[in-house]
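Respectively, the protein sequence lines represent chains X and D. Our numbering applies: residue 1 is where the first sequence begins, and numbers increase by one. Our numbering applies: residue 1001 is where the second sequence begins, and numbers increase by one.
It is possible that some hints are incorrect.
Said to hold, decoys possible - Computed beta-carbon distance windows for the label pairs:
id: 1; chain 1: D; residue 1: GLY1212; chain 2: X; residue 2: LEU64; range: 46 to 52 angstroms
id: 2; chain 1: D; residue 1: LYS1232; chain 2: X; residue 2: ALA236; range: 28 to 34 angstroms
id: 3; chain 1: X; residue 1: PHE192; chain 2: D; residue 2: ILE1068; range: 15 to 21 angstroms
id: 4; chain 1: D; residue 1: ILE1031; chain 2: X; residue 2: LEU64; range: 32 to 38 angstroms
Because the hints were derived from the structure by calculation, they are not lab data. Computed from a prediction, not measured in an experiment: that's the story for all the values here. Even glycine gets a Cβ: it sits at the ideal position worked out from N, Cα and C.
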Amino acid sequence: METAAVLERETYLNASYGLKSWLLTKDHKRIAVLYFITVSIFFAIGGAFAGLIRLELLTPQADLVSAETYNKLFTMHGVIMVFFFLIPSIPATLGNFFLPMMIGARDLAFPRINLLSWYLLIGGGAFAIFAMVSGGVDTGWTFYTPFSTSYSNSYVIATALGIFIAGFSSILTGLNFVVTVHRMRAPGMTWFRMPLFVWAHYATSLIQILGTPVIAVTLLLVLCERSFHIGIFDPALGGDPILFEHLFWFYSHPAVYIMVLPGMGVINEIVSTYSRKPIYGYVFVAFSSMAIAVVGFLVWGHHLFVSGQSLYAGLVFSFLSYFVAIPSAVKVFNWTATLYKGSISFDTPMLYAFGFIGLFTIGGLTGLFVASLGMDVHVHDTYFVIAHFHYVMVGGTIMAYLGGVHYWWPKMTGRMYPEDFAKLSALLVFVGFNLTFFPQFILGYLGMPRRYHVYPPEFQVLHVLSTAGATVLALGYILPAIYFLWSLRYGKVAGSNPWRATGLEWDTPSPPPTHNFDRIPVVTHGAYDYSHIPGEEIEVG
Amino acid sequence: MGTQLRLLPEQASTIAPEVDHLAYYLLAVSIFFTVLIFGAVFYFAIRYRRRADTEPPQPQHTGLALEIAWSVIPFGLTMIMFGWGAEIFFKERRPPDDALQVYVVGKQWMWKLQHMEGQREINELHIPINRPIKLMMTSEDVIHDFFVPDFRVKQDVVPGRYTTEWFVATKPGKYHLFCAQYCGTNHSAMTGWVYAMSPQDYQEWLAGGPTGSMADAGARLFDDLACGNCHKPDGTGRCPNLTGLFGSTVMLADGRTVKADEAYIRESILNPPAKIVAGYQPLMPTFQGLVSEEGVVQLIEYIKSLNPPLGQAQGNPTQTTVPAREPAAAGAPPANR
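Working from the sequences, and respecting the hints, build out all of it.
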């Protein structure tokens, strides 16, 4: 009996029991599950804020919440989604779980530090939640000075401390990944045999290590000015507010790539698996991740085109921004080319991957608008920008995240999710997303500014469309939450390799044993070698 | 009327059609690639759908030429976006010399505007069409942003410095003015209207305003603050003579030189020790807190009005560089630092 065999086998899930065995675990897979639960909760909170925002914007007047509350809602939506969901989402859950397995390692290089980084996220999150329940924060997730340091009467310090602490979680995760990739690859796992998911995480980790300290320092400076009136950013104290914008975006632009690169990594795995082909142009895709990580550090000034920064600085930053567009385009072209002459199946993760490719394409192309100086002046700080970055962050990262969670769910839990409901959720997310955010491009070009609680009545039709779309999108997100929970108990038992994928993580039982592999595998070929299709089931005793 | 659906804002300035043309180019490129990618994904997905679970895999080859082509061609297309956008940006950021200047002060949560002729407005700006208008802007508190979508212009309004924005309105009408940089609780109420008027209507509107120009208001403030006690017009005061100052090049005590523009004068009023004129001592107290941003711009206009009429045509500021501030004028001892 297959079922009985799986249940009796020791896995990372049943190796030990009790809360303590989870809270003190050093197993990267258990820590990944802790992260998964944590970021799911943050996603639900951030999503609830978004829902309230969309509800308020149904009419031009203020009717649901006050101006002050509205400002707090979009601030906390941004803070939660960026710092406590998007940044940890894929790396800390899927990356944590599968990066060691994909390179044939038994764990990350520093298991204790891995656990510590989860506690840091919890600690940072606790500060942020404290700020919210105490009264909230209204500076916008960008904390622009001198508003945040001298004018806001909200919980700026608690929120900033929360982000500061969570930043260390991000740094430590990145550090752990870099060392693991350098030191813990299985015999024969050369750099160019690694799955592109690992390359993407390696590039992401470099940004996390090099960029995050800058936001930490910047937030400390905000605290110094706010608490001790040391003049750094507020001109009334002798400071310079544009300096803050430079420091903030020096991290926060590369942070965009912290959020989207891991998603691109997931898409590589899915596209390859469901078309049974190696990723076209593997080397180009691998190096495009590194190019994005490096060039991504040189373009922060494109957030300052209308700030009063010099004309020539604007020129340089616009020019460099187009350089970072090319590696992203290269990835999209290579994924598309991978499909050519493939053996393509339409399982749920692949539907999410198709969605990702389409939405990320639109997000990337509209990035070309905002990188163009003369164009940006008009659409800067309007709904056009909101639509653009949601196409990248939600249409890109969250599509990839959901695709990845579906793809690896059988491996993580040993259970299959119900395929029909999952396909429905992919469809709802795609349709709902487009209905929510496409009208916002038009709104933005018409001139609707961001962060407006009330707005002129001529914008209402498009806002209504957007809110209607958000409703569909919410259903698309709630549905997986239900059937994933359901599948834990009632889902069909998954074999070790239900998709017949290559990759070392499929070469061990589902769910994997605590030490991942009974024997460390010896790697003899590159990732995505479909010259023979792997068997579906590997019977384990 | 209130809920009609529009897809494009009005083109009400000279730059608006140019921005829209660039937008059409960007849109065309975007639609091309979107159709290309969507089309290819759909076509491949259906053409190469899995027919049997044991299909033999296809051989794989990576085409270097293809990789280069789809890197270089898009890059070429983006360079057009860069160059075109930069050209428009340079126009947007360089006001012509003959522009009509209006001072803008943003504060939580209103716009205060002053015309040279003395008119003052709140959340409304009246301007003539077909004439370059230059806004000289600053903020009393946080960062704001002066955004007129129908003109396609936007610029942050930053405390502690002047930023400028300019445009030529082309159609009489009433246009939205938005604060586009989040500035606190009532950010979305920091809105107003720009009224573009025919020159005749504008003259009529001006005539209905108060008597006395901005420079006159500045002169009164100059007297109220007793600036003239030290800044004597004949150069005998303890502080530099201000006649002919604006637009000239000033020699500083530390050997640097600085062009006497709005930012320099503002700094000299609010933070006098920052730049000491050669030959003078750092005697002047700060006027931070004693004079508002609106007062400062009135003083600037007054100082500008002290220039000889020739220089006021703004055609050639270098003509006024008869340096009113030779070192060691007025028999003052050399600055002691």
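Outcome of the hint check:
For the hinted restraint 46 to 52 angstroms between GLY1212/D and LEU64/X, the CB-CB distance of approximately 48 angstroms keeps it satisfied. At about 31 angstroms, the CB distance of LYS1232/D to ALA236/X agrees with the hint of 28 to 34 angstroms. Checked against the hint of 15 to 21 angstroms, the pair PHE192/X and ILE1068/D passes, with Cβ atoms roughly 20 angstroms apart. Between ILE1031/D and LEU64/X the Cβ separation comes to about 37 angstroms, which falls inside the hinted range of 32 to 38 angstroms.
Figure legend: structure checked against the earlier numbered hints; every hint is met.
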